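> With the hints as extra help, turn the sequences into a complete structure.
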Amino acid sequence: MFDRVRGAVVPLLLMAALELATRTLAPGSDAVAPPSAALRAGWAAALDGSLWQATLFTLGSAGTGLALGAALGMALGTVLGLSRRAAAVGSLTVELLRPVPSVALIPLALLVFGFGPSMEVAVVAFATLWPMLVLTQAAVRQVEPQLLELSAALQLTAWQRAWLIVLPAMLPRLFVALRLGVAVALVVAVTVEIAANPQGMGYAMMIAQQSLDPALMLAWLGWIGVVGYGLNAAALWLQQAVARRLGAAS
Amino acid sequence: MNARWRDRAGALALLAALMALWWLAAHGQWLNRAFLPTPEATLQGLVDGLYQGTLGASTAATVGRMLLGWLLASLLGVALGALIGSCEPARVWLQPMLEFVRPLPASALLPLAIALFGLSAGMVLSVVAFGAMWPVLLATLHGLAQVHPRLREVAAALQLSRSAFLFKLGLPNALPDILAGMRLSMTVSLIVSVVGEMIASQSGLGQSILLAARSFQASELYAGVLLLGAVGFASNALLAQAEARLLRWQRV
Amino acid sequence: MPETATPILEFSAMGVQLGGREVLSPVSLRLHAGEFVCVIGASGCGKTTLLRAAAGFVPPSSGQVRRQGQRVTGPSREVAFVFQDYSRALLPWRTVRGNISLALEAAAVPAAERPARIDEVLHTVGLAAHGGRFPAQLSGGMQQRVQIARCLAQRPQLLLMDEPFGALDAMTREGLQDEVARLARDQQLTVMFVTHDLEEALYLGDRVVALRAQPAPGRPSVARVLDVPLPRPRQQLGTKEHPDFLRLRRELYADLGHV
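One line per chain: the protein sequences are U, H and P, in this order. For the first sequence, counting from 1, position 151 maps to 151 in our numbering; every step adds exactly one. For the second sequence, counting from 1, position 231 maps to 481 in our numbering; every step adds exactly one. For the third sequence, counting from 1, position 85 maps to 587 in our numbering; every step adds exactly one.
Think of the hints as simulated: they come from the structure by calculation, not from any bench. If you're wondering where the values come from, they're calculated on a predicted model, not measured in any experiment. Beta carbons are placed, not taken as given, at the ideal position from N, Cα and C, and that holds for glycine. Just to be clear, a hint being listed does not mean it is correct.
[Stated by the list, open to error] Here chain H is said to cover these stretches of chain U; the calculated rule only asks that three of the stretch's residues, wherever they fall, bring their Cβ under 8 Å from a Cβ of chain H:
id : region
1  : 86 to 99
2  : 193 to 207
[Stated by the list, open to error] In silico negatives: residues of chain H with every beta carbon more than 10 Å from chain P:
id : residue
3  : R256
4  : L274
5  : A307
6  : L326
7  : L330
8  : E338
9  : Q345
10 : L348
11 : G479
12 : Q491
Written out as structure tokens, the structure reads:
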């Protein structure tokens with residue numbers, strides 16, 4: 001408890017300093033606004049619904065993209081993890097495609113899908129596919145060899161082995177991967193909105209800046225930070241809960 | 251030996267198969283030609299762009315921005331991380347705030363930077379450096395905090411000064427973490443450079459591919475994407491090499 | 503044992519409390535120059551705490567520790583400490599030479615002098631051929647020797663050793679025991695050696711201090727201090743069959759059992 005309070009002291013002091021600085025040095029500026037004005041602007045956006053609408057759009061696109069990317073990534077990762085041949089054959093392709101920055105695909109997605117949620121979902125899916133693939137592959141490979149020997153000793157069928165041994169052993173690491181995926185999904189979604197897509201939190205922030213409304217822009221910046229922090233905290237809690245439930249070290 | 255060659259052949263075969271698929275899909279017009287140019291057209295676009303067009307200059311601009319931003323970010327990140335990490339009270343009071351900044355997308359700072367500095371190359375570079383700094387800073391802090399108590403006692407027994415401790419024990423101990431942070435930092439640097447070029451109309455691959463998309467020039471677009479993939483691949487590979495060399499004591 | 507004017511190390515009714523618990527009830531003890539003193543006791547008797555207090559890592563809660571007559575308020579380069587977990591006390595990113603060099607760098611020995619001094623201690627511990635290797639490439643016994651070499655490079659007044667051979671196998675342990683005994687004799691070191699191994703304590707020490715596991719008022723931490731008049735140089739087989747060795751062993755065995 002005390003740690004939380006202590007952690008908030010410096011940010012609060014900074015806010016107070018910014019408040020003072022912006023009020024005295026740059027009143028009525030087009031570029032910056034005092035934190036109090038940002039809070040007011042954010043509150044107004046919350047009341048008139050625009051905050052929630054944009055947030056829901058971003059979260060929805062990020063979530064859908066993550067679902068697609070994670071599904072494909074986990075499927076491929078599992079195959080590559082289970083079969084050494086597949087891993088050897090697929091690694092070259094994966095290593096060539098993985099370093100393509102997801103932002104490079106924004107114009108391509110724009111070309112194919114036009115503006116709208118589809119292009120955002122597509123870019124997020126591409127961005128989340130690779131980390132999910134790599135981490136799932138590692139999770140499968142890292143199942144304790146002795147557990148696999150045990151399943152051979154017990155003469156489990158392939159299905160039993162997958163369901164009773166491999167999957168529960170993998171699950172904690174999968175949730176670690178998922179936590180990373182959530183972070184990537186949100187960051188990419190917001191980036192797509194800043195760069196191109198005229199919807200969501202990133203776009204709202206850009207528009208606020210372009211219409212010279214610094215209070216609203218800063219409000220969005222802060223809100224994006226809060227959403228990111230909250231989402232990561234939730235994902236961390238989930239990951240640790242799963243790890244505890246399955247007796248894994250978290 | 252046989253198995254390894256078989257694997258290598260298999261890997262190349264997969265790549266060739268995917269290229270063949272691309273060729274078929276493009277020539278068969280499975281997708282609109284405007285979205286999926288043929289491999290040959292892409293190659294042509296790449297060659298033309300590099301030799302006659304501005305693709306070479308754009309690539310150089312993006313790479314330059316990325317590298318400069320990354321260098322600044324790494325230096326600042328290690329310096330600030332070392333400063334905060336050496337001073338226990340500073341670390342305790344500042345760490346929660348730093349953890350809050352971690353999930354924030356670096357690109358989200360672009361509007362603020364535009365408001366403050368206008369649309370310029372300097373603005374983009376400042377956001378790149380600032381955004382790419384955090385992985386290195388946090389990695390440095392984490393690495394410094396992980397110094398084993400035994401090593402701290404050795405340092406106390408030898409009466410090492412605080413700066414001697416930092417440079418002889420703390421930072422070397424943190425080096426694996428710092429290098430991992432620098433690799434992440436490079437990724438962030440590339441991404442923010444490209445986004446910055448897109449929205450601030452700065453010359454570079456980001457702007458090139460956005461313009462190509464807007465004018466429906468698919469082969470130029472794909473050429474640019476390929477180049478960006480190559481930049482990502484090369485920078486990552488070089489860093490991994492450097493990391494392996496610097497950390498060779500880990501794998502003995 | 504020749505008594506010099508000022509003992510190298512002196513505990514004056516020194517007690518240590520940690521976390522409200524009395525870990526070490528007041529101990530009074532003197533170490534003179536050139537002595538090899540072994541401290542034994544069961545787990546939890548505070549022997550490591552005694553050593554750490556001598557090193558200045560732990561402040562006394564009562565009484566004092568003095569080195570060469572001066573009060574000990576913190577660690578000092580004059581005192582070299584050999585840790586039990588040797589792998590954690592070495593820098594994995596430096597070679598053997600680099601690790602030893604750390605002690606010289608800390609003492610601001612001029613760079614030109616360092617190679618010679620490193621060679622000297624490497625030769626003393628028998629690692630002259632391994633100077634360029636990393637700790638991870640060495641066996642446990644060799645790593646411990648590197649740590650000892652680093653401590654010797656400090657040219658300390660006092661060598662403190664905290665169960666240094668506890669993590670090693672029996673054969674390596676015996677070899678290192680003989681090496682440390684030889685080193686101490688050749689370099690006329692004053693050594694305080696903590697162990698839970700009764701035979702090791704008798705084999706190495708000029709004196710053995712046995713500590714009680716559960717000190718209480720009226721039952722101080724120090725159960726007994728014994729002189730070990732066995733002939734030197736000690737030998738793994740010969741010394742351990744000596745009648746005095748067996749007698750002392752029987753006496754101390756009771757101390758360790760009924761504490």
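> A separate judgement is required for each hint: does it hold in the structure or not?
Right, here's what the structure says about each hint:
1. 86 to 99: holds (count 10)
2. 193 to 207: holds (count 6)
3. R256: Per Cβ check, R256 of chain H is outside 10 Å of chain P; nearest 34 Å; holds.
4. L274: Holds, because the least Cβ-Cβ distance between L274 of chain H and chain P comes to about 52 Å, which exceeds 10 Å.
5. A307: Non-interface label stands for A307 of chain H: nearest chain P Cβ at 42 Å, farther than 10 Å.
6. L326: At roughly 24 Å from the nearest Cβ of chain P, L326 of chain H sits farther out than 10 Å, so the non-interface label holds.
7. L330: holds, 23 Å
8. E338: holds, 18 Å
9. Q345: holds, 25 Å
10. L348: Its Cβ never comes within 10 Å of chain P, the nearest being 26 Å, so this holds.
11. G479: Its Cβ never comes within 10 Å of chain P, the nearest being 34 Å, so this holds.
12. Q491: holds, 18 Å
Hint check: no violations occur; every hint is consistent with the structure.
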